[in-house]
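Asks: Residue numbers (full-length UniProt numbering), protein chains in the order written: chain X, 1 to 606; chain L, 1 to 606.
Any given hint could turn out to be false.
Because identical chains share one entry, a pair is satisfied inside a single copy or across any pair of copies.
What the hints assert, rightly or not - Within a straight-line C-alpha distance of at most 30 Å, the following computed DSS-like cross-link-like pairs (lysine-lysine) qualify:
| no. | residue 1 | residue 2 |
| --- | --- | --- |
| 1 | Lys439 | Lys149 |
| 2 | Lys395 | Lys355 |
| 3 | Lys134 | Lys251 |
| 4 | Lys251 | Lys277 |
| 5 | Lys277 | Lys531 |
| 6 | Lys540 | Lys189 |
| 7 | Lys355 | Lys126 |
| 8 | Lys251 | Lys228 |
| 9 | Lys540 | Lys562 |
| 10 | Lys168 | Lys531 |
| 11 | Lys562 | Lys242 |
| 12 | Lys355 | Lys149 |
| 13 | Lys134 | Lys60 |
| 14 | Lys168 | Lys404 |
| 15 | Lys501 | Lys134 |
| 16 | Lys242 | Lys149 |
| 17 | Lys521 | Lys134 |
| 18 | Lys228 | Lys134 |
| 19 | Lys242 | Lys395 |
| 20 | Lys298 | Lys501 |
| 21 | Lys60 | Lys394 |
| 22 | Lys521 | Lys277 |
Simulated from the structure, these hints should not be mistaken for lab results.
The model shown is predicted, which means the values in this text are computed figures rather than measured ones.
Read off the chains here:
2 protein chains.
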Amino acid sequence: MTPISIEQIPGTVTTATDAAVNMMPLGEYIFKRLEQVHNVRSVFGVPGDFQLSLLEHIYKTKLNWVGGCNELNSGYAADGYSRYTRSLGVLITTYGVGELSAINAVSGAFAEYSKILHIVGMPSTKVMTDEQLKKQHIHHLVPDLDSLKDSNHLVYADMVDKVCCAKKIIMNQDQILDDLDDLILQIFKTSRPGYLFLPVDLSDELVNAERLHSQSLEHIHKSFLEIKDSEEDRHITELANKVLEQVYNAKNPVILADVLADRYANGQELLQEFINKTNLHHYVTFMGKSLVSEYHPKFVGDYQGSLLSNPGIHENFVSSDLVLYVGPYINEMNTGKYTAEFKENTIILHADYLKIGQTIYRDAHFIKLLAKMNSIMDQTRVPINPLLQFPITKKFANIPSTAKINQSTLLSKLEAFIQPNDVLVCETGSVMFGLPDIKFPTGMRYIAQGFYLSIGMALPASVGVGCAMRDLGSSQRLILLEGDGSAQMTIQEISAFEHLKIKPIIFLLNNNGYTVERIIKGEHQSYNDVKPWNWLNCFKFFNVQEDSVRTAKIVEVTELTKALNSIETRSVTEGTLEFYEIILDQLDVPWRFHAMNSNRLLPKMD
Amino acid sequence: MTPISIEQIPGTVTTATDAAVNMMPLGEYIFKRLEQVHNVRSVFGVPGDFQLSLLEHIYKTKLNWVGGCNELNSGYAADGYSRYTRSLGVLITTYGVGELSAINAVSGAFAEYSKILHIVGMPSTKVMTDEQLKKQHIHHLVPDLDSLKDSNHLVYADMVDKVCCAKKIIMNQDQILDDLDDLILQIFKTSRPGYLFLPVDLSDELVNAERLHSQSLEHIHKSFLEIKDSEEDRHITELANKVLEQVYNAKNPVILADVLADRYANGQELLQEFINKTNLHHYVTFMGKSLVSEYHPKFVGDYQGSLLSNPGIHENFVSSDLVLYVGPYINEMNTGKYTAEFKENTIILHADYLKIGQTIYRDAHFIKLLAKMNSIMDQTRVPINPLLQFPITKKFANIPSTAKINQSTLLSKLEAFIQPNDVLVCETGSVMFGLPDIKFPTGMRYIAQGFYLSIGMALPASVGVGCAMRDLGSSQRLILLEGDGSAQMTIQEISAFEHLKIKPIIFLLNNNGYTVERIIKGEHQSYNDVKPWNWLNCFKFFNVQEDSVRTAKIVEVTELTKALNSIETRSVTEGTLEFYEIILDQLDVPWRFHAMNSNRLLPKMD
């Protein structure tokens with residue numbers, strides 16, 4: 001192909017020739033840039049008139065467009081995609097009506113260290129800058145409270161500062177080159193959502209796409225996790241040695257594995273390697289569930305403070321003389337309502353800092369430290385833990401239930417059903433608080449919103465997870481544990497599975513309303529009721545072919561056993577979508593939820 | 001009933017006796033106060049752990065709790081309730097996950113002058129003020145980007161400043177007394193949403209409820225619209241005369257009726273009275289549709305500038321030598337993309353100001369001016385309009401359609417179908433832009449989001465409208481014009497009709513995706529597709545009794561005629577829910593939408 005000769009046009013300079021070859025529309029450039037990012041294959045959102053000009057360019061790439069029924073659902077799907085891929089979940093919405101509908105999903109992603117890149121279509125740069133035009137009140141935009149004042153086109157962009165790591169408002173095409181790369185880097189560094197606000201007229205403007213070739217983004221997700229020079233290497237080595245020396249000198253050091261280890265590149269592998277090399281007793285937090293192999297001989301259990309741990313767990317944990325807390329997220333839900341005890345002997349290995357005693361070291365990412373410790377560790381000096389002092393039992397209590405299946409039975413059956421490498425997405429609801437009582441097989445992925453707890457998230461998130469599994473060629477099963485009240489929030493997105501040829505195994509736990517709320521207040525009040533739907537008819541409405549779905553309503557334990565036995569091992573795209581409505585008692589919740597509810601907040605940490 | 005004698009308790013003072021009798025829990029007080037507000041009978045929302053303690057108190061009042069499937073839907077329903085009742089639409093959500101899910105509905109209400117009172121449950125005052133506790137990251141709350149910083153419990157409250165008229169963060173129980181009344185007053189004064197942030201522990205605290213008896217809120221919705229003293233009376237009379245003198249001295253004065261006249265107390269009646277008394281030619285805007293009787297002999301038509309008005313309308317409008325623009329909302333959609341011409345001879349009667357020529361008078365609410373003008377007008381001095389100079393025709397164009405029913409036919413049939421006093425809720429979508437071409441019968445109410453244009457709003461809004469109609473004992477029919485793409489956003493709320501015993505007549509216009517977007521860009525692109533659902537199966541899923549719903553899929557014109565003829569005159573709570581899926585061509589839109597799309601924004605106003 002011969003490039004158009006710019007030299008023939010009077011007034012142009014010869015040096016422009018190379019650049020001209022690489023000129024492409026900004027919209028195309030954005031998608032091509034995203035295509036370079038590790039594990040980004042699908043993009044989520046809902047079209048709107050302020051970003052159609054952007055969407056148009058996606059067809060020039062291999063990226064899949066996954067249209068959602070609404071923007072909140074698309075936001076949740078992008079979050080699910082990000083959690084599974086440990087990379088960007090790209091979300092595209094339109095000005096005002098779209099971006100605001102999705103803001104709860106973005107806020108949840110922020111609260112849970114999930115990497116959504118939210119691209120929002122905006123009015124044209126001309127509308128925002130022309131002295132006459134910018135006075136106009138254009139659709140989707142709230143005018144000022146005072147009707148005599150001009151519109152502020154950034155009114156929505158101003159809302160997101162506390163739920164994103166960074167935002168970029170693009171006002172000319174050349175700005176995109178640095179801003180997009182920087183935004184993506186910030187998202188990976190903080191593992192938090194970032195915003196790109198893009199005026200509608202810019203998508204067709206030409207930009208110099210030369211860096212697509214000269215500076216690939218292939219390694220951006222881990223670039224900042226690599227030690228950059230010998231000075232940093234000395235610094236990290238020194239800190240790694242400081243931590244290791246404490247390990248060598250302790251009598252009974254233990255490791256607590258938490259969710260941030262899941263959020264950075266190969267954090268999970270580095271952590272498992274560290275565990276294997278030290279062979280120390282280790283625990284996992286509520287949000288860290290599935291992060292480490294629960295079949296490792298030194299895995300002790302799920303640590304959720306004195307309040308929510310199984311008997312013996314807390315006692316053993318606090319009897320240790322050194323805790324290495326890796327990838328921590330210290331919050332109410334993750335610490336047994338702050339009853340987890342972290343004494344002076346705790347070393348915190350965070351993405352933002354390393355804390356040893358009362359000393360905080362910035363610029364010491366736990367990924368760098370883990371990698372360094374794995375490489376320099378003297379295994380002979382790592383102490384062997386004494387035997388566990390306190391016996392560990394399980395409070396797998398039988399809670400009274402008027403239904404034939406109670407949650408304790410359900411959890412036992414689930415424990416037997418799940419297989420190595422299954423992916424389990426769990427809705428916010430009572431059953432979530434029973435999962436620390438069951439043992440996950442090795443290689444499992446567990447995805448849930450354990451802290452932000454926005455009900456309705458899991459179903460659309462599982463669409464995103466399913467997309468990600470399909471995109472990456474997973475041979476795993478996708479299982480969704482869903483509640484009736486939460487499913488009512490976002491049910492329409494269940495129709496996406498058929499459309500995307502994803503075949504999850506869905507258990508809808510029907511306990512006749514908001515059971516979690518009933519336990520807190522209003523056991524039998526109407527505000528905790530939901531409308532009774534005929535769940536099994538859902539697929540006829542959503543136009544799922546009869547031969548591609550299996551459904552059953554399950555009331556008896558024998559029916560549950562039979563159903564579980566009938567579900568085959570297969571990949572996320574094979575077989576049929578399975579949907580089981582399981583009838584539970586409306587006041588049946590795991591013991592842990594009762595414990596959590598009966599205890600007021602106790603300040604234990606500082 | 002003998003009040004408990006406080007005098008018997010040592011240390012109390014006698015003056016406390018009266019107050020003690022009136023002490024009641026803050027939660028109960030809030031609902032009893034709301035109960036006093038004109039037309040407030042139902043309250044919308046979704047329960048959450050931060051407001052269950054509030055909800056508990058609703059059962060001590062006659063207010064209905066209307067639980068939504070999700071918070072966005074409840075927000076839309078509250079908006080619909082407010083539009084129909086011209087009073088508060090009360091929305092209750094929980095911290096973070098709930099309030100953010102609803103923020104797009106609130107933003108839409110702000111953009112369209114709808115009166116949502118949004119009550120948000122928050123963490124307890126102790127959690128927010130105790131030096132130790134406030135460091136904790138509690139569930140539903142996004143921590144700071146820097147993991148070493150404390151939580152900011154007001155992070156969500158900070159987001160709403162530009163989408164509300166006022167917000168009150170209640171930090172002790174006594175504050176509620178003035179703050180609630182003031183907030184409600186602000187909402188009515190601005191006809192905009194207001195926020196009440198309520199910590200979970202305060203609902204059970206006792207407050208002195210004495211003002212429930214001594215200062216009723218019965219008239220709060222119009223209190224500020226009454227002339228308060230002789231000085232104000234002189235001021236308003238002077239301004240009213242100023243306006244009237246201009247009318248008397250004009251040759252061809254006309255009235256343009258707009259949506260704000262619908263938003264304040266008896267604004268519509270005052271406007272119709274003003275029209276009747278002056279007997280001047282008058283027009284209605286896009287958003288003002290149904291505000292004035294279209295069967296009045298001097299009603300000229302729907303004015304949407306030179307771009308979107310039917311032929312002759314704009315020409316007649318601009319030939320006038322004086323325009324009285326009442327209750328104006330000057331925005332892109334309402335002015336034919338700013339092609340409406342308002343010259344020097346325009347008098348603007350707004351809620352915030354009166355504008356005569358270039359002079360702006362604050363403190364001259366159009367309601368006060370209309371009432372005054374109606375009372376002091378010398379009808380003999382009002383000129384009689386000359387005959388209309390330009391013939392008015394209708395561009396009821398037959399747009400090419402591959403479907404057997406096209407939108408032009410549909411609009412004609414609808415025009416014949418709708419009856420006086422029907423309530424029509426219309427979804428944002430192509431058909432909305434055809435409605436200015438049909439004549440509405442007298443007494444009809446038209447409810448649509450003509451400026452903010454958030455698709456998915458109309459269905460849940462019609463639930464709120466239906467509640468309001470039921471609450472106020474309406475004998476009217478409720479009709480919903482819905483689209484397929486928009487219905488997918490919020491479909492679950494359709495199950496509320498059965499639950500609430502509301503029987504709307506629903507026309508689902510199925511044009512196979514986002515037709516409005518297809519016209520703008522991507523006619524056949526996949527991003528404008530939606531998933532194909534079997535709409536008629538929806539009620540089996542949502543558990544609507546077979547004998548309480550009639551459904552049909554309509555492809556042929558004869559089927560449409562037959563269906564429309566079979567629908568009886570009845571009230572909103574009588575008969576069956578009717579649901580007709582009407583198949584349209586995916587590129588068939590009213591001429592007005594093509595005109596709007598082909599024209600760029602033109603700055604015409606200043």
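Asks: It remains to establish, for every hint, whether it holds in the given structure.
Replies: Do the hints match the structure? See the list:
{"no.": "1", "hint": "Lys439 - Lys149", "in the structure": "neither (61 Å within a copy, 34 Å between copies)"}
{"no.": "2", "hint": "Lys395 - Lys355", "in the structure": "neither (34 Å within a copy, 73 Å between copies)"}
{"no.": "3", "hint": "Lys134 - Lys251", "in the structure": "neither (69 Å within a copy, 35 Å between copies)"}
{"no.": "4", "hint": "Lys251 - Lys277", "in the structure": "within (17 Å within a copy, 95 Å between copies)"}
{"no.": "5", "hint": "Lys277 - Lys531", "in the structure": "neither (53 Å within a copy, 51 Å between copies)"}
{"no.": "6", "hint": "Lys540 - Lys189", "in the structure": "neither (44 Å within a copy, 48 Å between copies)"}
{"no.": "7", "hint": "Lys355 - Lys126", "in the structure": "between (50 Å within a copy, 29 Å between copies)"}
{"no.": "8", "hint": "Lys251 - Lys228", "in the structure": "neither (35 Å within a copy, 81 Å between copies)"}
{"no.": "9", "hint": "Lys540 - Lys562", "in the structure": "both (24 Å within a copy, 27 Å between copies)"}
{"no.": "10", "hint": "Lys168 - Lys531", "in the structure": "neither (42 Å within a copy, 33 Å between copies)"}
{"no.": "11", "hint": "Lys562 - Lys242", "in the structure": "neither (55 Å within a copy, 84 Å between copies)"}
{"no.": "12", "hint": "Lys355 - Lys149", "in the structure": "between (50 Å within a copy, 14 Å between copies)"}
{"no.": "13", "hint": "Lys134 - Lys60", "in the structure": "neither (33 Å within a copy, 50 Å between copies)"}
{"no.": "14", "hint": "Lys168 - Lys404", "in the structure": "neither (55 Å within a copy, 48 Å between copies)"}
{"no.": "15", "hint": "Lys501 - Lys134", "in the structure": "neither (45 Å within a copy, 47 Å between copies)"}
{"no.": "16", "hint": "Lys242 - Lys149", "in the structure": "between (60 Å within a copy, 25 Å between copies)"}
{"no.": "17", "hint": "Lys521 - Lys134", "in the structure": "between (50 Å within a copy, 24 Å between copies)"}
{"no.": "18", "hint": "Lys228 - Lys134", "in the structure": "neither (46 Å within a copy, 38 Å between copies)"}
{"no.": "19", "hint": "Lys242 - Lys395", "in the structure": "neither (39 Å within a copy, 81 Å between copies)"}
{"no.": "20", "hint": "Lys298 - Lys501", "in the structure": "neither (40 Å within a copy, 60 Å between copies)"}
{"no.": "21", "hint": "Lys60 - Lys394", "in the structure": "neither (55 Å within a copy, 43 Å between copies)"}
{"no.": "22", "hint": "Lys521 - Lys277", "in the structure": "neither (48 Å within a copy, 58 Å between copies)"}
Hint check: violations occur at hints 1, 2, 3, 5, 6, 8, 10, 11, 13, 14, 15, 18, 19, 20, 21, 22; the rest are consistent with the structure.
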